[in-house]
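Q: This is what each chain is made of:
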Amino acid sequence: MKKMATGNQAAALAVKESNVEVVAAYPITPQTEVVETIASLVETGKMNASYIRVESEHSALAACIGASASGARAFTATSSHGLLYMHEMIHWAAGARLPIVMANINRAIGPAWNIWADHSDSLSQRDTGWMQFYAATVQEVYDTILMSYRLAEKVCLPAMVCLDGFILSHAIQPLDVTPSGDFIPPISLPHALDTKNPMSYGNLTGPNDYFKFRRMIHDAMKRADKECREVEREFAERFGRKYGPVMEYRTDDADTIIVGMGTMAREAEVAVDLLRKEGLKVGSMRVRQFRPFPRLGLEGKKVVALDRDCSYGAGGILAQEIRFHHDVPVYNIIAGIGGQDVRYEVIAELVRKARPEGEFWLGVD
Amino acid sequence: MLDDIPQEEYLLKGNTACAGCGAMLALRYILKAAGQNTIIVNPACCSTVCQGTYPKTAYGVPVLNIAFAAAAAAADGIASARRNKGKNIIVFAGDGGTVDIGIQALSGAIERNANILYICYDNEAYSNTGMQKSGSTPYGAITTTTPTGRKDSKKDIDLIIMAHRPKYMASASAAYPKDLYEKVRKALTIEGTKFIHVLCPCPSGWRYSTEKTVELGRLAVRCGMWFLYEYEDGKVKLNAPTKAALKRPAPLADYVRPQGRFKGVNLERLQKEVDEEMDRIRALAGIENAKEASE
Ligand code: SF4
Numbered sequence: 001m002k003k004m005a006t007g008n009q010a011a012a013l014a015v016k017e018s019n020v021e022v023v024a025a026y027p028i029t030p031q032t033e034v035v036e037t038i039a040s041l042v043e044t045g046k047m048n049a050s051y052i053r054v055e056s057e058h059s060a061l062a063a064c065i066g067a068s069a070s071g072a073r074a075f076t077a078t079s080s081h082g083l084l085y086m087h088e089m090i091h092w093a094a095g096a097r098l099p100i101v102m103a104n105i106n107r108a109i110g111p112a113w114n115i116w117a118d119h120s121d122s123l124s125q126r127d128t129g130w131m132q133f134y135a136a137t138v139q140e141v142y143d144t145i146l147m148s149y150r151l152a153e154k155v156c157l158p159a160m161v162c163l164d165g166f167i168l169s170h171a172i173q174p175l176d177v178t179p180s181g182d183f184i185p186p187i188s189l190p191h192a193l194d195t196k197n198p199m200s201y202g203n204l205t206g207p208n209d210y211f212k213f214r215r216m217i218h219d220a221m222k223r224a225d226k227e228c229r230e231v232e233r234e235f236a237e238r239f240g241r242k243y244g245p246v247m248e249y250r251t252d253d254a255d256t257i258i259v260g261m262g263t264m265a266r267e268a269e270v271a272v273d274l275l276r277k278e279g280l281k282v283g284s285m286r287v288r289q290f291r292p293f294p295r296l297g298l299e300g301k302k303v304v305a306l307d308r309d310c311s312y313g314a315g316g317i318l319a320q321e322i323r324f325h326h327d328v329p330v331y332n333i334i335a336g337i338g339g340q341d342v343r344y345e346v347i348a349e350l351v352r353k354a355r356p357e358g359e360f361w362l363g364v365d
Numbered sequence: 001m002l003d004d005i006p007q008e009e010y011l012l013k014g015n016t017a018c019a020g021c022g023a024m025l026a027l028r029y030i031l032k033a034a035g036q037n038t039i040i041v042n043p044a045c046c047s048t049v050c051q052g053t054y055p056k057t058a059y060g061v062p063v064l065n066i067a068f069a070a071a072a073a074a075a076d077g078i079a080s081a082r083r084n085k086g087k088n089i090i091v092f093a094g095d096g097g098t099v100d101i102g103i104q105a106l107s108g109a110i111e112r113n114a115n116i117l118y119i120c121y122d123n124e125a126y127s128n129t130g131m132q133k134s135g136s137t138p139y140g141a142i143t144t145t146t147p148t149g150r151k152d153s154k155k156d157i158d159l160i161i162m163a164h165r166p167k168y169m170a171s172a173s174a175a176y177p178k179d180l181y182e183k184v185r186k187a188l189t190i191e192g193t194k195f196i197h198v199l200c201p202c203p204s205g206w207r208y209s210t211e212k213t214v215e216l217g218r219l220a221v222r223c224g225m226w227f228l229y230e231y232e233d234g235k236v237k238l239n240a241p242t243k244a245a246l247k248r249p250a251p252l253a254d255y256v257r258p259q260g261r262f263k264g265v266n267l268e269r270l271q272k273e274v275d276e277e278m279d280r281i282r283a284l285a286g287i288e289n290a291k292e293a294s295e
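So the sequence lines, in the order shown, correspond to chains A and B.
Anchor point for the first sequence: position 192 equals 192 in the UniProt record's numbering, and the numbering is continuous, going up by one each time.
Anchor point for the second sequence: position 184 equals 184 in the UniProt record's numbering, and the numbering is continuous, going up by one each time.
Just chain A, with the same shape it has in the complex (with noise of 0.2 angstroms):
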């Protein structure tokens, strides 16, 4: 079934569709509109799930490793510092594997207070252990969250869905909400808390052990990487839908390459369609999966990384994952941090003019 729906509303849709029995959720902008529909899908009885009002981000997720451990499917939903006041439970998320899926609407930290798009929140949030996913259309909010249940009950990891605040989250764009079905079959976690069968989880563990653990989590989490294909097959086998780790556009002949991650590398994809029109050979691929990190096949290209982030001193986020992953020359373009609008033919003017390797702070430089 086709209908017009924003980011957000995808998103507490998915949540439905993926038979969520348990969700957690504390309301901040941008992310309140997936809190308020899945508040209201269960009120009408249109969801069969609990909804737990919490008192703070840190209960939300809390609440979630709760129902996870003890077996039930779970969902909480944030945004910038909601998304950081849970970091303690995102680590604890991952370490007890569990295959919580939350959606993070992307957004500013502050100070200063800003409420628009950045991917500082969710990026700072990279080596906790839980997979990262960045959408860039309606559809694929909703898509990705189906899927992101499927392969983190797969992997016993949790997974990170992220949407850029308002471009994404309160844009308006058709949507298929077709059932899931039997996509997502019912949840059986290998560790749940049994009154039958008692243990312990979380308790003290000796440093070898503990060692182990960690190991497990990194052998999980590149193991991922190839569930994840496996999953994307399976959703393009019963919806027509295809989806990768990196989408790549016009990449065929190109001699550059812009890389970059939701809505802006969508836009990069217009800048493309402009510059290919003046005859520069230049394709784009935008990162869907951002852990665990692909690897693009960018050698013996010129590549522009586009990041609405960066790790001070140091630099775009996404262009340090990329030289650590290709031996290649990046230019890093920083954009759109804060919401700074960058429309196609500023991302095609920096495009025309960007260096083999450096750095470039769009309106700074």
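Simulated from the structure, these hints should not be mistaken for laboratory data.
Keep in mind that this is a model prediction, so the values were computed, not measured.
Idealized CB from N, CA, C, for every residue including glycine.
Nothing false has been slipped in among the hints.
Output of the computed footprint for chain B on chain A, the stretches with three or more beta carbons under 8 angstroms from beta carbons of chain B:
{"hint": "1", "segment": "20-26"}
{"hint": "2", "segment": "45-57"}
{"hint": "3", "segment": "62-70"}
{"hint": "4", "segment": "81-92"}
{"hint": "5", "segment": "201-207"}
Given the coordinates of chain A, work out where chain B with the ligand should sit on it, guided by the hints.
A: Then chain B with the ligand, alone, in the frame of chain A:
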């Protein structure tokens, strides 16, 4: 007297608690009262350590250990899943995790009337980290962060909880196991949030010799440093040992003297605090109880 308490042990032998630990004594009876159909949620505290080291555990029921500030919320998450209907979801948290860092999650859970039993085992300090002052540390007590004795007074978590109007609330003591057992049994028959505050003497932190745990636990009640009561339907009901103590309290010095933590305490000031607390609990229990207590 303890005849109807089940023989089954859910707190197993070989746990790593200190000898004479009041908290483990309390937990033993709490688990007997709750039985097998129970999930325990533990924030960071002694009772996490007392389970022993992976891959072993000394608890005969499933336990979710969780970050310090998160216990009440995690328990609500468990209780909110359909599959856990009918199970006893019990938080077993120390005073630091309840009175200080965990108070926000606890407050939220009671406000939502989460279907959990929250038990605060109160040893009046951060004993797991080597005995620092917590919000629950009484006036005058020496801890590693109040090396000359606490100068101000403890936080009254009971009044804070009562202001939330929970379905059931009680105070108890590890030294009165039958009373504790019965309160847990009763709490578990009630739907919604229940809170039980248990005084658990701690030989390591209070600096007394291990065999005195029960004796000191009883003395705390007898001299009015701890009250035994229940709060239900907006009313406070005092239990017999406290009624007796309000009538004829034991000398405070009997309780204070055997404990190294009270070395050098200003006994007069401590007595004044105890007297004020006794007046307060009388007022809470209502005139009738006050009359009863003074009869
Ligand atoms: S420090 Fe105190 S509360 Fe902790 S295990 Fe030892 S006796 Fe028990």
